[in-house]
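When you get a sec, could you build the whole thing from the sequences and use the hints?
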Amino acid sequence: MALLTPLFAFLYHLPQVYKWLLKPYYVASLFMSVAFLAVRKTPGICDRLATQREDGNSCDFDWREVEILMFLSAIVMMKNRRAITVEQHVGNIILFSKVANVILFFRLDIRMGLLYLTLCIVFLMTCKPPLYMGPEYIKYFSDKTIDDELARDGRVTWIVEFFANWSPECQSFASVYADLSLKYNCAGLKFGKVDIGRYGEVSKKYKVSASPLSKQLPSLVLFQGGKEVMRRPQVDKKGRAVSWSFTEENIIREFNLNELYQKSKKLSKTRGDKVSQSQFPPVPEEEEPEQQGVEAQGVESESKKDK
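Quick note on UniProt numbering: the sequence shown kicks off at 1 and runs consecutively.
These are computed hints drawn from the structure, not numbers from a lab.
Where is the CB? At the ideal position from N, CA and C, for every residue including glycine.
Hints may contain errors.
[To be verified] In silico SDA-like cross-links for lysine to any residue, where the CA-CA straight-line distance does not exceed 25 Å:
1. Lys-207 to Cys-127
2. Lys-79 to Ala-151
3. Lys-207 to Trp-244
[Claimed, not checked] The calculated label-pair distances, taken between Cβ atoms and stated as ranges, are:
4. Lys-204 to Lys-183: 30 to 40 Å
5. Lys-204 to Gly-226: 55 to 65 Å
6. Ala-50 to Ser-142: 53 to 63 Å
7. Glu-248 to Ile-110: 44 to 54 Å
8. Pro-24 to Arg-53: 33 to 43 Å
9. Leu-213 to Thr-126: 17 to 27 Å
10. Arg-240 to Gly-56: 25 to 35 Å
11. Lys-204 to Met-77: 30 to 40 Å
12. Val-34 to Lys-238: 17 to 27 Å
13. Gly-200 to Leu-131: 17 to 27 Å
14. Asp-47 to Lys-23: 27 to 37 Å
15. Ile-110 to Ser-211: 28 to 38 Å
Below, the structure written as structure tokens:
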């Protein structure tokens, strides 16, 4: 039952995720996640494995292996309660499946455990999850551009994500943030990102820790008039991030995106009116037909008097 929730979520979003699911990273991760299952159930291989079953069937799980797999299911269920995207659900399943495989292989044969652990380390160092490459209205800052851009126009509200490419949470949040930028970006409300894993000075200035232990990645900060108004997750006095779920609904509610968007649209309209008035000279008003007729009659009467 622990795997039903991520399974249903995966099936629901299957038309949207099949492209990234078929990428080499996820294909290789899937094979590594089911490695022990394949070894234990493949005829010709499982016959030579050791077992603690009373019936001596080495092609089936013993009670200790079942216990480890049940514990894995419980951990995945707890972790996926905070997952907000299908990528996070699948990532949690893959991560803890590899951990369980390491334990199971070491318990079965230390040589097989060392081999599998070596493969996991090599895979971790050489293969990275694919980054989000979909549509977005996001401006990427560097350490030299972020301050100038935030202070350029005080009427513009900025929502800036502080992220790091190595963070799985940031990678999973990328699609959610991109969708928000497509829905709410306008002249008075803009979205930005800055990689604090690359620009350490930005991390210090805006007090966003890049340490994996701080749990501050990703961080969303709202700027108005070039000054910080609010951020999520919040940080307590000890510098620890308060737990917060980066769902689209939470972001819309906490940052009042609907209200900000309506105000920003009004700002863009007033800007457009000012630009149009400055570019084009005022059109002279035409005289009304009745007034033109009266003036014409006055001219005729004056000409008759002169005669």
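Taking the hints in turn, this is what the structure says about them:
1. Lys-207 to Cys-127: The given pair, whose Cα atoms are some 30 Å apart, is violated under the 25 Å limit.
2. Lys-79 to Ala-151: violated (40 Å)
3. Lys-207 to Trp-244: Roughly 18 Å separates the two Cα atoms, so the pair holds.
4. Lys-204 to Lys-183: 30 to 40 Å: The hinted range 30 to 40 Å holds for Lys-204 and Lys-183, with Cβ atoms some 32 Å apart.
5. Lys-204 to Gly-226: 55 to 65 Å: violated (18 Å)
6. Ala-50 to Ser-142: 53 to 63 Å: Cβ of Ala-50 to Cβ of Ser-142: about 57 Å, so the range 53 to 63 Å holds.
7. Glu-248 to Ile-110: 44 to 54 Å: holds (46 Å)
8. Pro-24 to Arg-53: 33 to 43 Å: holds (37 Å)
9. Leu-213 to Thr-126: 17 to 27 Å: 25 Å Cβ-Cβ, so the 17 to 27 Å window holds.
10. Arg-240 to Gly-56: 25 to 35 Å: 52 Å Cβ-Cβ, so the 25 to 35 Å window is violated.
11. Lys-204 to Met-77: 30 to 40 Å: holds (38 Å)
12. Val-34 to Lys-238: 17 to 27 Å: violated (42 Å)
13. Gly-200 to Leu-131: 17 to 27 Å: holds (21 Å)
14. Asp-47 to Lys-23: 27 to 37 Å: holds (35 Å)
15. Ile-110 to Ser-211: 28 to 38 Å: For Ser-211 against Ile-110, whose Cβ atoms are near 34 Å apart, the range 28 to 38 Å holds.
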